[in-house]
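Protein sequence lines, in the order shown, are assigned to chains A and B. Letter 201 of the first sequence, counting from 1, is numbered 201 in full-length UniProt numbering, and no numbers are missing. Letter 339 of the second sequence, counting from 1, is numbered 339 in full-length UniProt numbering, and no numbers are missing.
Possibly wrong hints are sitting among the right ones.
The calculated label-pair distances, taken between Cβ atoms and stated as ranges, are [said to hold, decoys possible]: (1) A:Ala62 - B:Pro118: 53 to 59 Å; (2) B:Arg283 - A:His85: 31 to 37 Å; (3) B:Thr179 - A:Lys200: 50 to 56 Å; (4) B:Lys237 - A:Met306: 31 to 37 Å; (5) A:Glu253 - B:Ala62: 41 to 47 Å; (6) A:Glu297 - B:Phe321: 57 to 63 Å; (7) B:Leu66 - A:Lys237: 44 to 50 Å.
Derived contacts from chain A toward chain B, CB cut-off under 7 Å, selection only [stated by the list, open to error]: (8) Ala10; (9) Pro13; (10) Val243; (11) Ala246; (12) Asp256; (13) Val257; (14) Ile266; (15) Ser269; (16) Met272; (17) Gln273.
Taking lysine to aspartate or glutamate and the EDC-like style, the derived pairs with C-alpha atoms no more than 16 Å apart in a straight line are [unchecked claim]: (18) A:Lys210 - A:Asp193; (19) A:Lys5 - A:Asp90; (20) B:Lys169 - B:Asp56; (21) A:Lys267 - B:Asp56; (22) A:Lys169 - A:Glu139; (23) A:Lys267 - B:Asp256; (24) B:Lys267 - A:Asp279; (25) A:Lys167 - A:Asp256; (26) B:Lys205 - B:Glu189; (27) B:Lys3 - B:Glu311; (28) B:Lys237 - A:Asp279; (29) A:Lys267 - B:Asp90; (30) A:Lys68 - A:Asp28; (31) A:Lys105 - A:Asp90; (32) B:Lys19 - B:Asp279; (33) A:Lys14 - A:Asp193; (34) A:Lys237 - B:Asp279; (35) B:Lys267 - A:Asp56; (36) A:Lys23 - A:Asp315; (37) A:Lys111 - A:Asp90; (38) B:Lys299 - B:Glu189; (39) B:Lys114 - B:Asp90; (40) A:Lys237 - A:Asp256.
These are calculated hints, taken from the structure and not from any lab test. Using N, Cα and C, we set each Cβ at its ideal position, and we do this for glycine too.
2 protein chains.
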Amino acid sequence: MDKNKQILLAKRPKGTPDKDTFKFAVKDIIKPRSGEVLIRTLYVSVDPYMRGRMIDAPSYVAPFELNKVIDGGAIGEVVTSESSHFSEGDIVIGGFGWQTYYTAKEDEVRKIDKDIAPISTHLGILGMTGLTAYFGLLEIGKPKEGETVVVSGAAGAVGSVVGQIAKIKGAKVVGIAGTDEKIKYLKEELHFDEAINYKKTEDIKHDLAKACPDGVDVYFDNVGGDISDAVFTLLNKFARVSVCGAISSYNLEKQDVGPRVQTVLIKKSALMQGFTVGDYSERFNEGATKLAQWLNEGKLSYEETMKEGFENIPDAFLDLFRGNNIGKLLVKVAEPSNE
Amino acid sequence: MDKNKQILLAKRPKGTPDKDTFKFAVKDIIKPRSGEVLIRTLYVSVDPYMRGRMIDAPSYVAPFELNKVIDGGAIGEVVTSESSHFSEGDIVIGGFGWQTYYTAKEDEVRKIDKDIAPISTHLGILGMTGLTAYFGLLEIGKPKEGETVVVSGAAGAVGSVVGQIAKIKGAKVVGIAGTDEKIKYLKEELHFDEAINYKKTEDIKHDLAKACPDGVDVYFDNVGGDISDAVFTLLNKFARVSVCGAISSYNLEKQDVGPRVQTVLIKKSALMQGFTVGDYSERFNEGATKLAQWLNEGKLSYEETMKEGFENIPDAFLDLFRGNNIGKLLVKVAEPSNE
Numbered sequence: 001m002d003k004n005k006q007i008l009l010a011k012r013p014k015g016t017p018d019k020d021t022f023k024f025a026v027k028d029i030i031k032p033r034s035g036e037v038l039i040r041t042l043y044v045s046v047d048p049y050m051r052g053r054m055i056d057a058p059s060y061v062a063p064f065e066l067n068k069v070i071d072g073g074a075i076g077e078v079v080t081s082e083s084s085h086f087s088e089g090d091i092v093i094g095g096f097g098w099q100t101y102y103t104a105k106e107d108e109v110r111k112i113d114k115d116i117a118p119i120s121t122h123l124g125i126l127g128m129t130g131l132t133a134y135f136g137l138l139e140i141g142k143p144k145e146g147e148t149v150v151v152s153g154a155a156g157a158v159g160s161v162v163g164q165i166a167k168i169k170g171a172k173v174v175g176i177a178g179t180d181e182k183i184k185y186l187k188e189e190l191h192f193d194e195a196i197n198y199k200k201t202e203d204i205k206h207d208l209a210k211a212c213p214d215g216v217d218v219y220f221d222n223v224g225g226d227i228s229d230a231v232f233t234l235l236n237k238f239a240r241v242s243v244c245g246a247i248s249s250y251n252l253e254k255q256d257v258g259p260r261v262q263t264v265l266i267k268k269s270a271l272m273q274g275f276t277v278g279d280y281s282e283r284f285n286e287g288a289t290k291l292a293q294w295l296n297e298g299k300l301s302y303e304e305t306m307k308e309g310f311e312n313i314p315d316a317f318l319d320l321f322r323g324n325n326i327g328k329l330l331v332k333v334a335e336p337s338n339e
Numbered sequence: 001m002d003k004n005k006q007i008l009l010a011k012r013p014k015g016t017p018d019k020d021t022f023k024f025a026v027k028d029i030i031k032p033r034s035g036e037v038l039i040r041t042l043y044v045s046v047d048p049y050m051r052g053r054m055i056d057a058p059s060y061v062a063p064f065e066l067n068k069v070i071d072g073g074a075i076g077e078v079v080t081s082e083s084s085h086f087s088e089g090d091i092v093i094g095g096f097g098w099q100t101y102y103t104a105k106e107d108e109v110r111k112i113d114k115d116i117a118p119i120s121t122h123l124g125i126l127g128m129t130g131l132t133a134y135f136g137l138l139e140i141g142k143p144k145e146g147e148t149v150v151v152s153g154a155a156g157a158v159g160s161v162v163g164q165i166a167k168i169k170g171a172k173v174v175g176i177a178g179t180d181e182k183i184k185y186l187k188e189e190l191h192f193d194e195a196i197n198y199k200k201t202e203d204i205k206h207d208l209a210k211a212c213p214d215g216v217d218v219y220f221d222n223v224g225g226d227i228s229d230a231v232f233t234l235l236n237k238f239a240r241v242s243v244c245g246a247i248s249s250y251n252l253e254k255q256d257v258g259p260r261v262q263t264v265l266i267k268k269s270a271l272m273q274g275f276t277v278g279d280y281s282e283r284f285n286e287g288a289t290k291l292a293q294w295l296n297e298g299k300l301s302y303e304e305t306m307k308e309g310f311e312n313i314p315d316a317f318l319d320l321f322r323g324n325n326i327g328k329l330l331v332k333v334a335e336p337s338n339e
């Protein structure tokens, strides 16, 4: 009989994680009991926030446990159902993470609609990624028509959706990303007004000032660090900074230090607010409905970087910190049986 | 005839201002024309924000001009009126600043009510100082009953009002200040729940954690710097930080650098918002009415540190950065004629 392959947290990384952060294990598949389903994993999501869970410090989600499966968003297919709510072949989503099989209680997963868009989008633009962009931009950034919105990590899973929603709202959108391919994607595919390759500029402040002649009204921050320092120098009166991520700091071994923001915030009467998508969990239906509508209307597009093979999940995760991927980074673990 | 004594900005300070930042001048008194009044200055306000106006950089108020009178809040008495709106002996408030006489257009000043409280309170608890505390705490901090509110610069003009309003709202209030006299004032006069002398503690984080066993829900920040860094380590989920001032940084000659706040804001879904009292100018009446009511009900008390003599204004201003004063720092320039 088939076995359940798992990827465990082998040790807590100091600095950038590497292959030794993880280890593989093989376990017997647990037969589902009444009220349970056995799921075969199809897609696994790898996300920057998972880096934070690898250390043992208080955060908004509990840290991963050593020698346990790395959990996180995943999509699978029901292969055996002992629940009246699920049938064999149902496609489900849940937080069962980096393993090839999972025996779930029926309330741990939910069915997803296969007809709206490819099922993998439920881990991306129609899932947590899209909802992160939707609520973080609209509830904190609150872009108004004609305002200037700057997005860092702009070609990433969240940033690319943020920029497009800001365009829908009538804002001028400036993206910051780190490869020419990403810049091309932002300008040609997503129709950002301006896009800056921070790795190729000699003076990010200068390039930003040129791209934002009317200053910055909304900054959606995925990266923190020097890039955010530069954006702060351009904030307008009553600017809003939606703090979603700080990937520049996740692998730092020393304290992340930079210019203090207090004086800018006072001078500009500016707001800076951190959030996680879970803060808006009661409104997920609203957000998902709106995102699906925009997707169907052709107002939103998305890109996926799809890696193949369970064994490649750790490397896909490490890719997040190499800055190579465009859009949502996923690993395809298996084919659905009916495709 | 009497002359108009003035204090001018002699040069823009680098680092801490000193006596050479200012120079004295004597001018003829300008006779009021139709629609104008001649005002004799009684009280002058000295405030930390004025330091920001001494440098030539974009801010929320224009920088002071070199060789011009330092402007700022002041109270005076009408000695000659060529306006139907004012009579001799009226007590008025305006931004005419550091000079013994001022010839004002009638819309530059407004009459104040001498009966509510001593007239000097209109530069303090019933004026911009009180309004800064009122709107910054209630509109950004939004303390709820039972929450923990931390105030830095707690014995200062703004901080002492913030703490008292937070108590009125049913919060637990922890003050941070820098002398034993201030600590005694906060605990014994203002009934703060806890007060920490940051100059006497060996470990501010430790003392704060002890004073805030349930963490920090609201932080009203008057100081920035190391003290704020320490408070940030204790923020609760959904904490609000009202950024009013950063006096620790005003005299720094190099860039103000410290731990970046992004990661904390994300982990705690916390909000940090800068403001200046002018953001709420349309609601000043509401705030002033409420502050006067609380004052009359005995729910608010205030302290003034009153210096005497026009010549001592620069030294009073420099005192702000020596951290010696409790409550509102004012200079009495002259006696009202009818007292």
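Against the structure, the hints:
1. Against the hinted window of 53 to 59 Å, the Cβ-Cβ separation of A:Ala62 and B:Pro118 comes to about 56 Å, which satisfies the hint.
2. Separation of B:Arg283 from A:His85 is about 53 Å and departs from the stated range, judged on CB atoms against 31 to 37 Å.
3. For the pair B:Thr179 and A:Lys200, the supplied restraint of 50 to 56 Å holds, since their beta-carbon distance comes to about 53 Å.
4. Evaluation of the 31 to 37 Å hint for B:Lys237 and A:Met306 yields a pass: the beta carbon distance comes to about 35 Å.
5. The hint said 41 to 47 Å for the Cβ distance between A:Glu253 and B:Ala62, and at roughly 44 Å that hint holds.
6. For A:Glu297 and B:Phe321, the hinted distance range of 57 to 63 Å is satisfied, since their beta carbons lie about 58 Å from each other.
7. Checking the proposed 44 to 50 Å range against B:Leu66 and A:Lys237 shows it is violated: the Cβ atoms sit about 26 Å from each other.
8. A least Cβ separation of about 24 Å between A:Ala10 and chain B goes past the 7 Å threshold, and the interface hint is therefore violated.
9. Taken as an interface hint, A:Pro13 does not check out: its beta carbon lies about 16 Å from the nearest beta carbon of chain B, beyond 7 Å.
10. Satisfaction of the interface hint for A:Val243 is found here, the shortest Cβ-Cβ separation to chain B being roughly 5 Å, below the 7 Å cut-off.
11. Contact between A:Ala246 and chain B, as hinted, is supported at the beta carbon level, the nearest pair being about 4 Å apart and thus within 7 Å.
12. Taking 7 Å as the C-beta cut-off, the interface hint given for A:Asp256 holds, the closest approach to chain B being about 5 Å.
13. Residue-level restraint check for A:Val257 holds (minimum Cβ-Cβ distance to chain B is 6 Å; threshold 7 Å).
14. Nearest Cβ of chain B to the Cβ of A:Ile266: about 4 Å, under the 7 Å cut. The hint holds.
15. At its closest, the beta carbon of A:Ser269 sits 5 Å from a beta carbon of chain B; the interface hint therefore holds under the 7 Å criterion.
16. Using the Cβ-Cβ criterion of 7 Å, the hint placing A:Met272 at the interface with chain B is satisfied: the shortest such distance is roughly 5 Å.
17. Interface hint status for A:Gln273: upheld, as the beta-carbon distance to the closest one in chain B is roughly 4 Å, under 7 Å.
18. For the given pair, A:Lys210 sits about 12 Å from A:Asp193 by alpha-carbon distance, which is consistent with the 16 Å threshold.
19. Distance hint between A:Lys5 and A:Asp90 is unfulfilled; the C-alpha atoms sit about 21 Å from each other, more than 16 Å.
20. For the given pair, B:Lys169 sits about 40 Å from B:Asp56 by alpha-carbon distance, which is inconsistent with the 16 Å threshold.
21. With a C-alpha separation of about 14 Å, the suggested pairing of A:Lys267 with B:Asp56 holds against the 16 Å cut-off.
22. The suggested pairing of A:Lys169 with A:Glu139 holds, with an alpha-carbon distance near 13 Å, which does not exceed 16 Å.
23. Between A:Lys267 and B:Asp256 the alpha-carbon distance is near 15 Å, which keeps this suggested pair within the 16 Å criterion.
24. A hinted pair counts as satisfied when its Cα atoms are at most 16 Å apart, and B:Lys267 with A:Asp279 qualifies at roughly 11 Å.
25. The straight-line distance between the Cα atoms of A:Lys167 and A:Asp256 is roughly 32 Å, outside the 16 Å bound, and the hint therefore fails.
26. The hinted pair formed by B:Lys205 and B:Glu189 fails the criterion: a straight-line CA distance of about 25 Å is larger than 16 Å.
27. Between the alpha carbons of B:Lys3 and B:Glu311 the distance comes to roughly 14 Å, so the proposed pair stays at or under 16 Å and holds.
28. Of the supplied pair hints, the one linking B:Lys237 and A:Asp279 holds, its CA atoms being roughly 10 Å apart against a limit of 16 Å.
29. Between A:Lys267 and B:Asp90, the direct Cα distance comes to roughly 35 Å. Violation of the 16 Å bound is thereby established for this hinted pair.
30. Using a Cα cut-off of 16 Å, the hinted pair A:Lys68 and A:Asp28 holds, with the two alpha carbons roughly 15 Å apart.
31. At roughly 15 Å between alpha-carbon atoms, A:Lys105 and A:Asp90 fall within 16 Å of each other, so this suggested pair holds.
32. Proposed proximity of B:Lys19 and B:Asp279 is contradicted: the alpha carbons are some 32 Å apart, above 16 Å.
33. For the given pair, A:Lys14 sits about 39 Å from A:Asp193 by alpha-carbon distance, which is inconsistent with the 16 Å threshold.
34. Simply put, A:Lys237 and B:Asp279 have alpha-carbon atoms about 10 Å apart, close enough for the 16 Å limit, and the pair holds.
35. The hinted pair formed by B:Lys267 and A:Asp56 meets the criterion: a straight-line CA distance of about 13 Å does not exceed 16 Å.
36. Proposed proximity of A:Lys23 and A:Asp315 is supported: the alpha carbons are some 12 Å apart, at most 16 Å.
37. For the given pair, A:Lys111 sits about 7 Å from A:Asp90 by alpha-carbon distance, which is consistent with the 16 Å threshold.
38. A hinted pair counts as satisfied when its Cα atoms are at most 16 Å apart, and B:Lys299 with B:Glu189 qualifies at roughly 12 Å.
39. A threshold of 16 Å between alpha carbons decides the hint, and for B:Lys114 with B:Asp90 the separation of about 9 Å falls inside it, so the pair holds.
40. A C-alpha spacing of about 27 Å is found between A:Lys237 and A:Asp256, which places the hinted pair above 16 Å, so the restraint is violated.
The structure is inconsistent with the numbered hints 2, 7, 8, 9, 19, 20, 25, 26, 29, 32, 33 and 40, although it conforms to all the rest.
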